[in-house]
Amino acid sequence: MKVGMVCPYSFDVPGGVQFHVRDLTEYLLGLGHEVEVLAPADDDLDLPAYLTSSGRAVPVRYNGSVARLTFGPVTSARTTRWLEQGDFDVVHIHEPVTPSVSVLTLWATDAPVVATFHTSNLRSRAMQAAYPLLRPSLEKIVGRIAVSEAARRTVTSHLGGDAVVIPNGVCVDDFARAEARDEWRGTPSAPTLAFLGRIDEPRKGLPVISAAMERILRDRPRARLLIAGPGDVAAARERMSPQVGAACTFLGLISDEDKAALFASVDAYVAPHTGGESFGIVLVEAMAAGAPVVASDLAAFTAVLDGQANGRLFTTGDPDSCAAAVLGLLGDDAERARLRSAGQQRARRYDWPVVAAQILAVYETVTQTADAAADVEETGLWSRIVRPRRRSEGGRG
Amino acid sequence: MMETITWVALALVGFVLLAWYLTYSAARLDRLHAKVEGSLAALDAQVIRRAESALELGTSGLLDPATSLLLVDAASHSLERAGAERAGERHGSDLLHGQTFSGREAAESNLTEAFSVALTAETLADVRVRGGVAAEEVLGRIEATALRVQLARRFHNQAVTEVQRVRRKGTVRLFRLAGRAPLPETVEFDDEVRYQA
Chain Y
1 MKVGMVCPYS
11 FDVPGGVQFH
21 VRDLTEYLLG
31 LGHEVEVLAP
41 ADDDLDLPAY
51 LTSSGRAVPV
61 RYNGSVARLT
71 FGPVTSARTT
81 RWLEQGDFDV
91 VHIHEPVTPS
101 VSVLTLWATD
111 APVVATFHTS
121 NLRSRAMQAA
131 YPLLRPSLEK
141 IVGRIAVSEA
151 ARRTVTSHLG
161 GDAVVIPNGV
171 CVDDFARAEA
181 RDEWRGTPSA
191 PTLAFLGRID
201 EPRKGLPVIS
211 AAMERILRDR
221 PRARLLIAGP
231 GDVAAARERM
241 SPQVGAACTF
251 LGLISDEDKA
261 ALFASVDAYV
271 APHTGGESFG
281 IVLVEAMAAG
291 APVVASDLAA
301 FTAVLDGQAN
311 GRLFTTGDPD
321 SCAAAVLGLL
331 GDDAERARLR
341 SAGQQRARRY
351 DWPVVAAQIL
361 AVYETVTQTA
371 DAAADVEETG
381 LWSRIVRPRR
391 RSEGGRG
Chain X
1 MMETITWVAL
11 ALVGFVLLAW
21 YLTYSAARLD
31 RLHAKVEGSL
41 AALDAQVIRR
51 AESALELGTS
61 GLLDPATSLL
71 LVDAASHSLE
81 RAGAERAGER
91 HGSDLLHGQT
101 FSGREAAESN
111 LTEAFSVALT
121 AETLADVRVR
131 GGVAAEEVLG
141 RIEATALRVQ
151 LARRFHNQAV
161 TEVQRVRRKG
171 TVRLFRLAGR
181 APLPETVEFD
191 DEVRYQA
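These protein sequence lines map, in sequence, to chains Y and X.
Counting from 1, one number per residue, gives the positions in the first sequence under our numbering.
Counting from 1, one number per residue, gives the positions in the second sequence under our numbering.
It is worth saying that the hints were derived from the structure and are not from the lab.
Heads up, a few of these hints could be off.
Claimed, not checked - Computed beta-carbon distance windows for the label pairs:
{"#": "1", "chain 1": "X", "residue 1": "14", "chain 2": "Y", "residue 2": "134", "range": "51 to 59 Å"}
{"#": "2", "chain 1": "X", "residue 1": "143", "chain 2": "Y", "residue 2": "47", "range": "34 to 42 Å"}
{"#": "3", "chain 1": "Y", "residue 1": "85", "chain 2": "X", "residue 2": "116", "range": "44 to 52 Å"}
{"#": "4", "chain 1": "X", "residue 1": "121", "chain 2": "Y", "residue 2": "308", "range": "42 to 50 Å"}
{"#": "5", "chain 1": "Y", "residue 1": "177", "chain 2": "X", "residue 2": "143", "range": "22 to 30 Å"}
{"#": "6", "chain 1": "X", "residue 1": "170", "chain 2": "Y", "residue 2": "45", "range": "48 to 56 Å"}
{"#": "7", "chain 1": "Y", "residue 1": "48", "chain 2": "X", "residue 2": "18", "range": "18 to 26 Å"}
What the hints assert, rightly or not - Coverage of chain X stretches by chain Y, computed from C-beta distances (three or more under 8 Å per stretch; other residues unrestricted):
{"#": "8", "segment": "18 to 32"}
{"#": "9", "segment": "50 to 57"}
{"#": "10", "segment": "158 to 168"}
Every residue gets a Cβ at the ideal spot worked out from N, C-alpha and C, and that includes glycine.
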């Protein structure tokens, strides 16, 4: 199948949508499909063969955070050319209402469209103002995918209608293969916890786990918190009390291999996010590598963990609740062992072979619909206008 | 005199704009109707494939006779209804014609239920042991077709709501832009096969 994949965010910077597009594309290429990607990227960078740059991205404030997007006449022309040259069976657009190549492609394409909605926080003000303009384009979408129930609710309330939920994929085997490293491994007296995410982005919850560490250290004075993620370390340390600061190790931005090894080593992975999470792919990665997960009870996280069946949940934003959950888990070896294996089982349903098969089923259904619709349109407008009358006369006769 | 010309010119511009808008809306509505017919055809095809995969398992001899009978009964009922639609179409009644599922919903809910009741964990394990690779293939086909029925129905209902929304608009109703095309309805049946533990 010839698939044209469109990603609105710059491929030069890491991000959930970009990783999803990259991994899905590479997986489908591996299966023998023809896939091409259109995304903003610096032209002079080494780009993968499947990627066409829609132009250099500019940082723009949109939907509450800074995103790197492209737009304007050059991008528009490149999009049209890409669509013409690609002659795709299906065009798969990610985040179709982002003011970037996504919306331009939606505008320009004649191919059947599949759209994936990743976000759970569309800004409704912008949406409502732009809607009459976007409506006819949005009607080109034949198959809508939401990456989580939260994202699906956003689609339902802002756009109306429905979407099928197909989660983000994870290369489960890469994480399952990871081996623990001694420097990160905990001991019964000095357990280790992991935190991942930008350290100066409060939504990722570092303040919550820092406050919780005060209580955790009272019970487990030699506990360590391993913090992986970019940001200003000095400023982050300043916001912590001295004891907590001493118990923390800042690893900075780490590679995928290091991330997997970190998950495989620690006694628990803590996800203290306070909001804005639509899916929680990092929880799946942690489970795949065998880390027991302690997470805030956001809807997205509750869904990924299937309640308490595959992890421990605590009240979002509440350090006491967080500390209690972590201490409970650290004191229960059997439960940690159970969560390690339950998590690895659970992660399988987010494995690429499973997820990609569902996405391919969507492509098939959508092309089938488009083919049948094209047959209908070929019969011509006139014959369709007069046909119902002929039929009712036949009914009388 | 000048005033009259201005008014006539304005009226003419208004008329052209209205004509353009009505043509545009009619074309848009037409495209949406075609999409609904397309998605219903896709749903129809997937429903038939699902019933065929049920029939395949039911007649494979891998199941016990009672379970076989249950599955075959539900599957053939679904196929009969689909067949009746086709026969009707040939005779010009064209019940399908892209707008409703003409009462086939009950047969499909019934087949979904038959799957859920028949494919218990025990049965599945038993079938896998006895059937080997062939059983894996049939069970895989059932899972794949059941997923496609779900997708096709969701996408169809999405297309139906789009048509319904546009047809509620005042201009569309006032100028009868939908012509004689019947208003499509969403297709509602239980399509979630629950494999029992």
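Status of the given 51 to 59 Å range, CB of residue 134 (chain Y) versus CB of residue 14 (chain X): 26 Å, violated
Beta-carbon spacing of residue 143 (chain X) to residue 47 (chain Y) - inside the hinted bounds 34 to 42 Å or not: Cβ of residue 143 (chain X) to Cβ of residue 47 (chain Y): about 37 Å, so the range 34 to 42 Å holds.
Chain Y covers the segment 18 to 32 of chain X, three or more CB atoms within 8 Å, holds or violated: Our answer is that it holds, as 4 residues pass the Cβ test (under 8 Å) against chain Y, meeting three.
Coverage claim, chain Y over the segment 158 to 168 of chain X, checked by counting residues with Cβ within 8 Å (three needed): holds (count 5)
CB-CB spacing for residue 143 (chain X) and residue 177 (chain Y) relative to the 22 to 30 Å hint: The hint (22 to 30 Å, Cβ to Cβ) holds, given that residue 177 (chain Y) and residue 143 (chain X) are roughly 27 Å apart.
Cβ distance range 48 to 56 Å for residue 170 (chain X) and residue 45 (chain Y), holds or violated: Taking Cβ atoms as reference, residue 170 (chain X) and residue 45 (chain Y) lie about 52 Å apart, which means the hint holds.
Status of the given 44 to 52 Å range, CB of residue 116 (chain X) versus CB of residue 85 (chain Y): Holds, since residue 85 (chain Y) and residue 116 (chain X) (Cβ atoms, about 47 Å apart) stay within the stated range.
Assessment of proposed distance window 18 to 26 Å (beta carbons of residue 48 (chain Y), residue 18 (chain X)): Check failed, 50 Å falls outside 18 to 26 Å.
Coverage assertion for the segment 50 to 57 of chain X with respect to chain Y, Cβ distance below 8 Å, three residues required: It is violated: at least three residues are needed, and the segment 50 to 57 of chain X offers just 0 whose Cβ sits closer than 8 Å to chain Y.
Distance restraint evaluation - residue 121 (chain X), residue 308 (chain Y), Cβ atoms, bounds 42 to 50 Å: 23 Å, violated
The structure shown violates the earlier hints numbered 1, 4, 7 and 9.
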